[in-house]
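A.B. asks: Taking my numbering, the leading residue of the sequence shown gets 1, the next gets one more, and so forth.
Check each hint, because a few of them may be wrong.
[As the list claims (entries may be wrong)] Below, a list of computed lysine to aspartate or glutamate pairs in the EDC-like style, where the Cα atoms sit at most 20 Å apart:
| id | residue 1 | residue 2 |
| --- | --- | --- |
| 1 | Lys121 | Glu66 |
| 2 | Lys121 | Glu105 |
| 3 | Lys124 | Glu44 |
| 4 | Lys124 | Asp50 |
Hint data in this document are derived by calculation from the structure and do not stem from the laboratory.
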Amino acid sequence: MRVAALLSGFLVSAVVAASQSACILPFECIYFTIEGYQVCAILEPVISSDRTGQVEIVDEFGESPEGCTCLHPDTAIIFDANQFDPQLDPIYEQIEADARVHCEELAIQMLADPSPCETAKVDKSTAQRSEETTSKCRFVADMTDEDKDGKCPPFGALDEVGYTTEGTDTDTDEGGVIVVPDLPFEPQP
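Generate coordinates for the entire structure from the input sequences, incorporating the hints supplied.
C.D. replies: So, in structure tokens, the structure goes:
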């Protein structure tokens, strides 16, 4: 009898809690992810100096430093139509930041001054996206209706422009979460 009373009390408490909290039942807060594309480009030639004079920062194959980032499938449509579209500037900023890091690493290996890498610009004409989507680039695609109404907590750490990705080409830990900006997120009314 006591067990039945305890169970009924627990059940009533659970129902009350479920009606007050929007995210008690696990199926209410299911998040869906989709894979995106990887897009890469190289920096315009970076001239630096070392003990012997001026030197171009290049890798062991004589190529300028490359940078990569993730591209949302919706953004890939814009990229495929016109890779010089101004809407893609946030993508190129991420590629540029990644390439600058690689540039600085190469400059240090070459015993050259890494400071010219800080202002290096990406050559948009060299940008290429992967043919296939990759699991290294995952985006939040959709959530349940309850979550869209703001009743569930956000997935991971949404970035300031509204996309979350897990992993990039530079990941060494498959479990890590890296946020990569994409085009500005515009909430639907």
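A.B. asks: Against this structure, judge whether each hint is valid.
C.D. replies: A quick look at each hint next to the structure:
For the hint linking lysine 121 to glutamate 66, the alpha-carbon distance of about 11 Å falls within 20 Å, and the restraint holds. Between lysine 121 and glutamate 105 the alpha-carbon distance is near 16 Å, which keeps this suggested pair within the 20 Å criterion. Taking the CA atoms of lysine 124 and glutamate 44, the gap is near 9 Å; set against the 20 Å cutoff, the hint holds. Among the hinted pairs, lysine 124 with aspartate 50 is inconsistent with the structure: their alpha-carbon atoms are about 28 Å apart, more than 20 Å.
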